[in-house]
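Q: Taken in order, these protein sequences are the chains called Z and C. Read in order, the letters of the first sequence correspond to residues 3 to 302 in this note's numbering. Read in order, the letters of the second sequence correspond to residues 41 to 263 in this note's numbering.
In case anyone wonders, no lab produced these hints; they're calculated from the structure. Only a predicted model underlies this, so the values are computations on that prediction, with no experimental measurement involved. Please note that a few of the clues may not be correct.
What the hints assert, rightly or not - Label pairs and their in silico Cβ distance ranges: (1) C:D176 <-> Z:D227: 25 to 35 Å; (2) Z:R294 <-> C:D137: 44 to 54 Å; (3) Z:A53 <-> C:Q133: 26 to 36 Å; (4) Z:H54 <-> C:V222: 38 to 48 Å; (5) C:T226 <-> Z:P300: 51 to 61 Å; (6) Z:D137 <-> C:L225: 50 to 60 Å.
To be verified - To spell it out: a stretch of chain Z is covered by chain C in this simulated footprint if at least three of its residues, at any positions, have a beta carbon under 8 Å from a beta carbon of chain C; those stretches are: (7) 47 to 53; (8) 98 to 111; (9) 127 to 133; (10) 175 to 184; (11) 193 to 203.
Claimed, not checked - Derived, one-sided and incomplete: chain Z residues facing chain C with beta-carbon distance under 7 Å: (12) A41; (13) T42; (14) T143; (15) A233; (16) A236; (17) R237; (18) T274; (19) G278.
Note that beta-carbon positions come from the ideal geometry of N, C-alpha and C, so glycine has one too.
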Amino acid sequence: MTAGAARRASALPALARLATSLVVVATALGLLAAGAVAATLHRADVRPPYAHDGLLVVLVIGSDIGMPYRSGDPLRGRADGLHLLAVDTEARAATIVNIPRDTLAGGTKINAHLAFGGPERQVSAVEDYTGIPIDHYALTTFRGIEEMTRILGGVEVEVERRMVDRFSGSNLHPGRQTLDGEQSLAFVRDRNSHPDGDFGRTRTHGLFMRSVHEQVVSRHNDLRDLTYLTAHFARTTVTDIPADQLLPLALLATQIDPADVHQEALSGSFGTTSGGASIVHLQSGDAFERIRRGEVGPPR
Amino acid sequence: MQRRPLAPWLLAVALVAASACTGVPEATPTATPEGQAVRPAATPTPSPTPTPLAAEPAPPFELAADPVHVLDTDNAPILSTEPRGVDETAAEQAAQDATAVLEAFLNAQYTDPATWFSEAPLAALLTDGAQQALGDEERRGLGVLDLDVQRVEPGPASVDPMVTMHGSTPRHVTLTFHAALVGVLTSGAEIAITQAGHAVFVPDGHGWRAQAVDVTLEREEEP
């Protein structure tokens with residue numbers, strides 16, 4: 003081999019290394035060029051606070067009159083769902099207390115006061131029974147529950163047990179699942195599938211409310227969705243919450259972490275009146291007292 | 041085994057390539073009267089009293105509106121009473137009025153330098169409560185422009201209105217919008233600016249103003 007050939011031969015590995023290096027540099031330049039656009043992003047998410055001093059307490063009422071099951075005026079039905087929703091608007095925490103409909107209050111079942119005098123009379127009866135001042139009520143019906151479930155695209159709940167009940171129409175297996183409108187209504191009306199009867203049924207109401215809240219927070223948090231849901235809430239309830247406060251309340255609800263919503267588990271015993279009507283002797287413990295003191299949310 | 045050092049020529053190529061991609065302009069040294077070279081800052085120092093260089097406003101924004109979605113809050117279906125019906129004309133008018141407020145904001149905030157850096161556009165857009173909730177990031181998100189922007193030209197812009205009605209009374213107008221702009225920097229470079237998101241308007245005694253907004257302002261530029 004000549005010296006030149008020898009030099010050429012020894013240069014080949016170096017040339018290969020040069021070519022490889024140029025390819026690497028060119029690739030790096032290309033990658034850098036592709037990502038060379040500098041972008042800055044600012045976000046203005048302005049949601050004014052809900053203006054309210056102290057605790058906000060809403061009585062959520064489910065009337066047993068309304069289509070598709072019973073015709074008539076839902077505002078003069080029986081309050082088969084009664085739930086105190088107490089919200090600390092500053093701490094962004096809440097407590098739900100489910101009151102069984104047959105709770106003895108004022109000499110009669112607590113849910114009868116709706117039939118006697120409408121939502122205002124029902125609010126007064128619960129205030130007298132619990133000692134908790136109530137700011138507003140929100141009443142819905144069977145159709146209201148079906149409609150809200152439909153608007154949400156179904157409600158995802160954790161069904162605790164097998165629920166089969168001919169009266170309510172429930173036929174659900176345990177586990178996490180999305181209920182449509184008809185299933186949601188059966189889910190909240192069923193008391194025969196619960197070993198503790200109406201305590202289980204009202205507990206299910208609270209679970210349903212928390213599931214709806216959780217779903218709204220996680221999936222419907224943008225302003226357009228919230229406005230849409232607020233309009234349908236107004237459409238499916240009768241409430242004394244001022245119309246201009248509905249959206250601020252919805253915005254507040256989305257700022258409450260579902261983990262900071264506490265559901266009180268009340269207990270009691272069943273009895274009958276002298277006339278043979280079934281009643282509940284509620285043992286509320288210190289649940290009402292804590293709310294009167296402004297202590298809401300998960301126990302610390 | 042001893043590693044061979046990186047060839048100097050390869051290192052030089054890499055350094056040149058890196059400097060070509062950083063986007064930081066090479067500053068040119070200037071001579072001071074004393075003869076010492078001074079390297080100016082790579083980016084301009086913000087002035088405490090910014091003055092737009094362009095005196096003339098750009099052509100105004102025009103929001104192309106989609107058909108109005110009307111939401112009825114009548115709870116007749118659950119009360120089994122006769123539906124009240126919705127005043128569609130009132131809904132359309134409310135959507136137009138709120139859209140006009142948003143359009144005026146976009147023009148005051150971007151295309152008209154006379155109103156840049158003032159509180160007036162935000163006061164016209166937002167309710168008093170919403171204004172009180174503004175922080176620095178929110179102001180930036182609502183179009184407080186960077187100081188190197190000399191002029192802004194409007195691009196395509198669209199709005200999708202949704203009106204919540206109670207009979208003949210409009211309660212909310214929710215506008216979902218997207219506005220594209222082209223910004224011209226003091227350096228002459230052009231940047232793409234996009235303002236987009238949702239704004240919920242209510243009638244508050246000052247006409248329609250936004251009670252809540254969730255918008256982004258994005259700026260894209262090549263180095």
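Q: Measuring from beta carbon to beta carbon, are D176 (chain C) and D227 (chain Z) in 25 to 35 Å?
A: Hint holds: Cβ distance 27 Å, inside 25 to 35 Å.
Q: Does the region 175 to 184 of chain Z contain three or more residues whose Cβ lies closer than 8 Å to a Cβ of chain C?
A: violated (count 0)
Q: Taking a Cβ-to-Cβ distance below 8 Å as contact, does the region 127 to 133 of chain Z have at least three residues touching chain C?
A: violated (count 0)
Q: For the hint on A233 (chain Z), does the least C-beta distance to chain C fall short of 7 Å?
A: holds, 4 Å
Q: Against chain C, is A236 (chain Z) within 7 Å by beta-carbon distance?
A: With a minimum Cβ separation of about 4 Å from chain C (threshold 7 Å), the hint on A236 (chain Z) holds.
Q: So does R294 (chain Z) sit 44 to 54 Å from D137 (chain C), Cβ to Cβ?
A: About 46 Å separates the Cβ atoms of R294 (chain Z) and D137 (chain C), which means 44 to 54 Å holds.
Q: Just to be careful: measuring from the Cβ of T274 (chain Z) to every Cβ in chain C, is the smallest value less than 7 Å?
A: violated, 33 Å
Q: Has the hinted range 26 to 36 Å been met by the Cβ atoms of A53 (chain Z) and Q133 (chain C)?
A: holds, 29 Å
Q: With a cut-off of 7 Å on the beta carbons, see whether T143 (chain Z) makes it to chain C.
A: holds, 5 Å
Q: Is the distance from the Cβ of H54 (chain Z) to the Cβ of V222 (chain C) consistent with 38 to 48 Å?
A: holds, 45 Å
Q: For the region 98 to 111 of chain Z, do at least 3 residues have a Cβ located nearer than 8 Å to some Cβ of chain C?
A: violated (count 0)
Q: Does the region 193 to 203 of chain Z contain three or more residues whose Cβ lies closer than 8 Å to a Cβ of chain C?
A: violated (count 0)
Checked against the numbered hints given earlier, the structure breaks hints 8, 9, 10, 11, 18, 19 and satisfies all the rest.
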